[in-house]
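Chains as they are written, first to last, in my numbering: chain A, 1 to 69; chain B, 1001 to 1282; chain C, 2001 to 2150.
Simulated from the structure, these hints should not be mistaken for lab results. Any given hint might turn out to be false.
As a list, the in silico SDA-like pairs of lysine to any residue whose alpha-carbon atoms are at most 20 Å apart [what the hints assert, rightly or not]:
id, chain 1, residue 1, chain 2, residue 2
1, B, K1251, A, N15
2, B, K1261, A, S33
3, C, K2105, A, D11
4, B, K1047, B, T1087
5, A, K17, C, I2135
6, B, K1261, A, D11
7, A, K47, B, K1251
8, A, K47, B, N1248
9, A, K27, C, E2004
10, C, K2041, A, S26
11, B, K1251, A, S26
12, A, K17, C, S2126
13, B, K1218, C, K2105
14, A, K17, B, Q1253
15, A, K17, C, A2013
16, A, K17, C, E2137
17, B, K1047, B, G1072
18, B, K1261, A, N15
19, B, K1261, A, S26
20, C, K2041, A, Q3
21, C, K2118, A, D11
22, A, K17, C, A2146
23, B, K1261, A, F48
24, C, K2105, A, N15
Here are the computed distance ranges between Cβ atoms for each label pair [stated by the list, open to error]:
id, chain 1, residue 1, chain 2, residue 2, range
25, C, K2105, B, L1204, 18 to 26 Å
26, C, V2093, B, K1268, 54 to 62 Å
27, A, G25, C, G2081, 31 to 39 Å
28, C, V2093, B, K1261, 45 to 53 Å
29, C, K2118, B, S1021, 49 to 57 Å
30, C, A2084, A, Q3, 44 to 52 Å
31, B, R1237, C, E2061, 32 to 40 Å
32, C, E2094, A, V34, 39 to 47 Å
33, C, A2084, B, I1263, 30 to 38 Å
Ideal placement from N, C-alpha and C gives every residue a C-beta, glycine not left out.
Listed here are the chains, written in short residue letters.
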Amino acid sequence: MIQKRLQINVDSDGNIKAETLGIHGSKCLEYVSVLEDLLDAHSVESKFTADYTKNESEIVNDQGVSNES
Amino acid sequence: MSLELSPEAQARLNDKSWRRSQSKWMLWIYLSASSLGAVGFARLAIKTKDEMLKKYAYLFSGLMFVLFLLMGLDDSTTTKVDGKDVTQTSTLGNIGSALIFINFGLQIFFSFKANKIWLVFRAQNNNPTWTAENLNVTDVAKKVFTAPQELAEGALGIDRSDFYATPETERAKKMAPPPPPAAQKKMPPPPPVSAGKMASQENLTIDLNSATVEMLMKNAEFDPVLAANTIVQREKRGGFSSFEEFANDLKLQPHQVAKLKSILIVQKQTEPGGNSGRVLDI
Amino acid sequence: MSLEIILIPLAIALVTKAQTKAKENNPNASSHQVAVETRMKNLELLQNAMRNIGCTTTMQEGEISASLDSINFTFKKNSQGIWAARFIAGTSVEVAEQIIGQIDKAYGIEVQAEVLRKIKERAPQSGMTLESETINEDSSVTLVLAVNQA
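Next up, chain A with everything else stripped away, as it sits in the complex:
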């Protein structure tokens, strides 16, 4: 199973940029409220990145192919 991670960058102005890593598909949307509660912050902007379109089965297949090779 792929490790799910949150990468949080806080600058000296107090602005926060967060990214979900290894969390694919619509599951990443659940982390919006998790991050807001964790950071006592409100989201102002967001976008999906490349991995959003992958789903779990594709990831497992990719891993299976790379293991065999």
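With chain A fixed as given, assemble chains B and C onto it according to the hints.
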């Protein structure tokens, strides 16, 4: 001209396809080479009752009248010279020809000015479709379940309570006697919640297909522009069929989708303009 | 990665950078005052920030009276819950903006420290483990949290 436009009106004006659909009156000018352009201006003037548009309508109607008059008075002659037709145009004929071109040019020029006035008028006076949006659900429920007036007043000698349970009567029947003071438990204080959670608890579900701008703006995610654009898009589609359709149309960002998905519902709109006009089947 | 989000801490008002602007009320009057709007919302962080840059502060009836380099000013919350500064008559707009700019910068650092503290405190309760912490060249701090999987 500076006007105080509502967010809904501003959103309509910002919508290119809406502007295009409202500007079709200009085809009167282009397709008829201005001969029927005065009809287009007159139509706008009648609908808006705008003074400037009335002036345009009078101007071009007057010009068309003068042109027809000139055509009638034109005494240009065509004679055969060496087997070829030679037309001798009179002065009136020349004036008429020049006026046709001037009229066309003027109508094109003024049509853009008139269109601005027309678009602002239409944006502010967009005919609402007969939907649940402008029907207060609570009002409908009250009307259906209120006893008829004559029975309410006992005019027919009938005791209203024989046939209609008043809300108070029903409530009294269902209510258990209050517990004695000694048996009442002290309610524990509510657990502390974070500011974010408090805000989300206050967000009740909202039906995308019937909410007004004010109802949408009760949610922190809706600013005036998004709320107005939601109404505009809903009117364009005749109702959203799903939350995803709404999110795609309004180009919501992921964090907006995450926050709104749990509080926005989509109830199918009934067909507007039906015989009875009833939207809700209570 | 699948989702990128930009967040603003609740301690900072959702305003544009131009918000920290000064305006003079009635500049023609001989005793005009300079008022500066800010993005600061948290009292404790504001007081810490002012102390860090060398301001002397006293709290009185919901207002903060402060002094820096012999320039006196007060902070008061506006209707939106954002602290706004008012300087005594005779203070120039430039000086007022400079002082508030210093406080704002110190406030940002306080907010950063507070956010990092909250992450480290709350991560375990939220089912996450701090994997790494990196201080970058631009003074920003990057934390990587691993989501504990059942």
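Against the earlier hints, flag every one the structure doesn't satisfy and list their numbers going up.
When the structure is compared with the hints, numbers 1, 4, 6, 10, 13, 17, 18, 20, 25, 31 turn out to be violated.
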